[in-house]
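S.K.: Below are the chains, spelled out letter by letter.
2 protein chains.
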Amino acid sequence: MATEATADDATDAPEAYEALLDRARRWNAIGSAAGVLGWDQQVMMPEGGTPARSKQLSALSSVKHDMLTAEETADLLEALADTDLNDERAAVVREIRRKHERAAAVPVELVEEISEASSEALPAWEEAKATDDFDHFAPHLERHVELKREYAEAIDPDSDPYAVLFADYEPCLSIDRAEAILTELRETLVPMIDAIRDSDADLAVDTFEGTFPVDEQEALSRDALELVGYDFSRGRLDVSSHPFTSGNQFDCRVTTRFDESDPLGAIGSTIHEFGHAQYNLGLPKDHWGTPLGESRDLSVHESQSRLWENHVGRSKPFWELFLPTVKDRFPQVADATVQDAYEAANQVYEDNLIRVEADELTYHLHIIVRFEIERDLVRGDLAVEDVPEVWNDKYEEYLGIRPETDAEGCLQDIHWSHGNFGYFPTYSLGSVMAAQLYAAAEEAIDDLEGAIAEGDFDPLHEWLAENVHRHGSRYETNELVEEATGKPYTADAFVEYVERKYGELYAL
Amino acid sequence: MATEATADDATDAPEAYEALLDRARRWNAIGSAAGVLGWDQQVMMPEGGTPARSKQLSALSSVKHDMLTAEETADLLEALADTDLNDERAAVVREIRRKHERAAAVPVELVEEISEASSEALPAWEEAKATDDFDHFAPHLERHVELKREYAEAIDPDSDPYAVLFADYEPCLSIDRAEAILTELRETLVPMIDAIRDSDADLAVDTFEGTFPVDEQEALSRDALELVGYDFSRGRLDVSSHPFTSGNQFDCRVTTRFDESDPLGAIGSTIHEFGHAQYNLGLPKDHWGTPLGESRDLSVHESQSRLWENHVGRSKPFWELFLPTVKDRFPQVADATVQDAYEAANQVYEDNLIRVEADELTYHLHIIVRFEIERDLVRGDLAVEDVPEVWNDKYEEYLGIRPETDAEGCLQDIHWSHGNFGYFPTYSLGSVMAAQLYAAAEEAIDDLEGAIAEGDFDPLHEWLAENVHRHGSRYETNELVEEATGKPYTADAFVEYVERKYGELYAL
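Here the protein sequences come in this chain order: A and B.
FYI, my numbering numbers position 329 of the first sequence as 329, with every residue one higher than the one before it.
FYI, my numbering numbers position 303 of the second sequence as 811, with every residue one higher than the one before it.
Hints are supplied without guarantee of correctness; some may be wrong.
Unchecked claim - Chain B residues, not near chain A, derived (Cβ > 10 Å throughout): (1) 525; (2) 527; (3) 594; (4) 622; (5) 628; (6) 632; (7) 710; (8) 731; (9) 866; (10) 881.
Said to hold, decoys possible - Straight-line distance between alpha carbons at most 25 Å, and here's what the computed DSS-like set of lysine-lysine pairs gives: (11) 55(A) with 607(B); (12) 824(B) with 1009(B); (13) 327(A) with 316(A); (14) 99(A) with 563(B); (15) 563(B) with 55(A); (16) 824(B) with 835(B); (17) 285(A) with 99(A); (18) 99(A) with 55(A); (19) 55(A) with 793(B); (20) 316(A) with 501(A); (21) 1009(B) with 995(B); (22) 607(B) with 563(B); (23) 285(A) with 563(B); (24) 607(B) with 793(B); (25) 487(A) with 501(A).
As the list claims (entries may be wrong) - With beta-carbon atoms standing in for the labels, derived distance ranges: (26) 555(B) with 158(A): 48 to 54 Å; (27) 862(B) with 231(A): 32 to 38 Å; (28) 479(A) with 618(B): 46 to 52 Å; (29) 582(B) with 232(A): 47 to 53 Å; (30) 58(A) with 719(B): 46 to 52 Å.
These are computed hints drawn from the structure, not numbers from a lab.
Idealized CB from N, CA, C, for every residue including glycine.
I would like the entire structure built from these sequences, with the hints used as guidance.
M.R.: Structure, rendered in structure tokens:
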């Protein structure tokens, strides 16, 4: 009997499974078409194109939503619920089921209300920031908190609402693990930055001071991409106001931006986006449009960008390799040593109030302030009107500096004007994961530093492809990290890395 | 009773009408999203992106097809069939009904078969052309003829199949009128080109001989677009292997291509595409996504590009205006006079075998050869195996030259490898219409030539916007031409134009 039932199930399963995959491929093709439109909008579209673009994107999004939540999708998932599937197929069904259930749980009216609230909040935030007037933005923030609590309630009325929102960005990582990691970060970094402030170390911070023409910076960004092995037959480098990566395993494009007085900024951004692109380009081509051909979530994606940006792009061996190219483009730095470049690229800005201008260390305290505030807002433990003061208190406590205005305080970031609560922590979680992955790669690869100094990135590419990229969304986040590193996902490797690196740099 | 019924109808009508419009807006948003992906594919996409792009485009096309042919669409059209609608609404329903019926008539399997046949025919055509081997392409052409006859039969078994295929590109123009126009063209142009061959006129054909660097040509194309009034806040100029225009009233982009030895080619292409773009940019914004906000069909579109390319861009007043700019970019032509430039831009290449390199006159005989051959193929009056000989005979008869190879004969164009029968004539029909529209504009506008020579294109823009662009697809083709020019659509104005212009140039 049991055997017969299994046999029957096995016969049924692939059919429903294939039908589900076909549907998923179709809605993902629509979703990835929307991605191309998004790239175009930020990189190529003339300003007048906005009204048509909004309607195109909204039509695509609604078609995709309809396919995802359709009865046929629900029926196929139902048919597969009690079926024995192999691990890969089970993972595919798990991923599709999660997306389906989440999309189906939220009433369309609420989604539209949130989208309208964002449309209204965005210009209000822009004005509030420009005029340093938090009260102008406060009602919109209040509205977003209410709507997002409703949204969380629709998805899971029994859960902590912040955990539900966090799962929009990190469906496969528990909020408890995330909090534990952020807490360990805070406890490590607050005293470390304090010690750096008191350090007498004299870093070569002015190595890249001066004017660096944009054309040459662009050429240098291309040099850097060639060096690390970006496949231009499957990608492009363009300019946009905020650097980003867009695409899939066939065509994944990066953007960067240039500031004449800050060549390190563009190099860092370019290598960061390269890490994102390399992840997408390493996903299995055969599985395009299905969960096995999709990247895991935001923290894993950010781990790939941060690994390249920080562990490679800010390392001494990389600067050994790259500095001669920089000198070719910019003879004004002809006298700089590798140590000078390394120090300039790793200086800690202990008096900086702005997240996007932060260094590798203080960055996480900027994130932790936002995380704690948005978590308490969503949980109802903090009132919107109290945000500015709490913000400033936390900056003083964690970073030893106090913003003088809300414009350079709690109004600096766009995220809350979109109602994106739960997004910020993924930035830090990605950096932490990067450290753990890089440590494992260093252990697995014979003389990785030497290879990098010689411009041989193949061993690192292969390790990342093998241990991260090729899996798509097969594993949940912790599983993926454990499979890759042999250890559960914690902040230990990151703490070890920063203590070693900054201990040496600042003689702590 | 009648009044009540009308009142009821009136109440019902707008509801079904609005519902139909909503659906149309949605499928047109999807269609125009596909347009952006098509532009990207030809202008920006890295080569590796093809597999994902094909799937994105095929998903969008199938979603659009499903919406267009859906039962809900049929029901709404049914509900509106006997309803009194005002002229605008009746036009909207007429246009949507035509598209719906055509799409619904053709079995999906046949559409797929045609698409597969094209995928196979394209590389076969490429190879046949490269190796001058018609037999290699013949079976694919045969297959396309069969499939397209089936396709025409599915749409209307009682009609001439070529007329049905022609209606894919010109749904609002009878094949009889088209044939009459093409016949008049042939009867005018064959003897005229003969006379030009015998003419002793000595045109300044070498005015633009030499090398013209691509960067400066690109700058000159931008100069030309600025001059004629392209709105760069709603458009872009890029490079692609075949120049084209893509977009809508909010964002309409043009491309061009550059050849170092032929600066006139890029100028002509750029102004041609500008004419297309100007049409789309002039469509009413409020009606985007509905027939009132869509351009009329290919001949009308081509009339706009040809009007700008030939009647403006190849005119003496335009060269009075533009030559100083050309000289700024290319000092090597400093000695050229306006008359030199005018003669160079209007020389007739009586020994040219290649359509895309043809001039304003011989071009139409290239088209007529193709039109007569494809018409006879589809009607079953010509066998595929006889195409090369018939082609060469017709070139000899109409143009006085005989191709020595099929590569520069019947294999030169891509269109038949896509199974596109009925497309070629729209090129000539557009030129003919351009002449009729331009003559009417000249009559309506006080000293149009003077205005152009002074760089004042506003009167022409206004006339075209008022008489062509703003109508979208409200009028059928003949109606549109009659409304704009006060006369039925014929080749008369074109014949008059070329007899005057080339009579003078070649002292005929």
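S.K.: Now look at each hint and say whether the structure bears it out.
M.R.: To see whether the hints hold, each was checked on the structure:
Chain A leaves residue 525(B) outside its interface by the beta-carbon criterion, the shortest separation being 20 Å against a cut-off of 10 Å. No Cβ of chain A approaches the Cβ of residue 527(B) within 10 Å, the least distance being about 16 Å, so the stated non-interface status holds. The claim that residue 594(B) is not at the interface with chain A holds, since no C-beta of that chain comes within 10 Å of its own (minimum 25 Å). Once the 10 Å rule is applied to beta carbons, residue 622(B) is consistent with being away from chain A; the minimum gap is 21 Å.
Even its closest Cβ contact with chain A, about 22 Å, leaves residue 628(B) beyond 10 Å, as expected for a residue assigned away from the interface. At roughly 25 Å from the closest C-beta of chain A, the C-beta of residue 632(B) stays outside 10 Å, upholding its exclusion from the interface. Residue placement check: residue 710(B) keeps its beta carbon more than 10 Å from all beta carbons of chain A (closest about 45 Å). Every beta carbon of chain A lies more than 10 Å from that of residue 731(B), the smallest distance being close to 18 Å; the non-interface claim holds.
Distance check for residue 866(B) against chain A: the nearest CB is about 33 Å away, which clears 10 Å, and the non-interface claim stands. Distance check for residue 881(B) against chain A: the nearest CB is about 38 Å away, which clears 10 Å, and the non-interface claim stands. The suggested pairing of residue 55(A) with residue 607(B) holds, with an alpha-carbon distance near 22 Å, which does not exceed 25 Å. Restraint check: the Cα-Cα separation between residue 824(B) and residue 1009(B) comes to about 11 Å, which is no more than 25 Å; the hinted pair holds.
Simply put, residue 327(A) and residue 316(A) have alpha-carbon atoms about 16 Å apart, close enough for the 25 Å limit, and the pair holds. Restraint check for residue 99(A) and residue 563(B): satisfied, since their Cα atoms lie roughly 22 Å apart, inside the 25 Å limit. Proximity of residue 563(B) to residue 55(A) is assessed by CA-CA distance (about 22 Å); at most 25 Å being required, the pair is judged to hold. For the hint pairing residue 824(B) with residue 835(B), the CA-to-CA distance comes to about 16 Å; that is within 25 Å, so the pair holds.
Pair hint residue 285(A) plus residue 99(A) holds up; C-alpha atoms about 22 Å apart against a cutoff of 25 Å. Restraint check for residue 99(A) and residue 55(A): the C-alpha separation of about 24 Å stays at or below 25 Å, so the hint holds. A C-alpha spacing of about 13 Å is found between residue 55(A) and residue 793(B), which places the hinted pair at or below 25 Å, so the restraint holds. For the hint pairing residue 316(A) with residue 501(A), the CA-to-CA distance comes to about 11 Å; that is within 25 Å, so the pair holds.
Between residue 1009(B) and residue 995(B) the alpha-carbon distance is near 22 Å, which keeps this suggested pair within the 25 Å criterion. For the proposed pair residue 607(B) and residue 563(B), the alpha carbon gap of about 24 Å is at most 25 Å, so the pair holds. Annotation: proposed proximity of residue 285(A) to residue 563(B) holds, straight-line Cα distance about 13 Å (limit 25 Å). At most 25 Å may separate the alpha-carbon atoms for a hinted pair to count; residue 607(B) and residue 793(B) meet this at roughly 22 Å.
The hinted pair formed by residue 487(A) and residue 501(A) meets the criterion: a straight-line CA distance of about 22 Å does not exceed 25 Å. Between residue 555(B) and residue 158(A) the beta carbon distance is about 51 Å. The supplied range of 48 to 54 Å therefore holds. The hinted window of 32 to 38 Å between residue 862(B) and residue 231(A) holds, with their beta carbons roughly 37 Å apart. In this structure the hint that residue 479(A) and residue 618(B) lie 46 to 52 Å apart at CB holds, the actual value being about 48 Å.
For the pair residue 582(B) and residue 232(A), the beta carbons lie near 48 Å from each other, so the given range of 47 to 53 Å is met. The hinted window of 46 to 52 Å between residue 58(A) and residue 719(B) holds, with their beta carbons roughly 49 Å apart.
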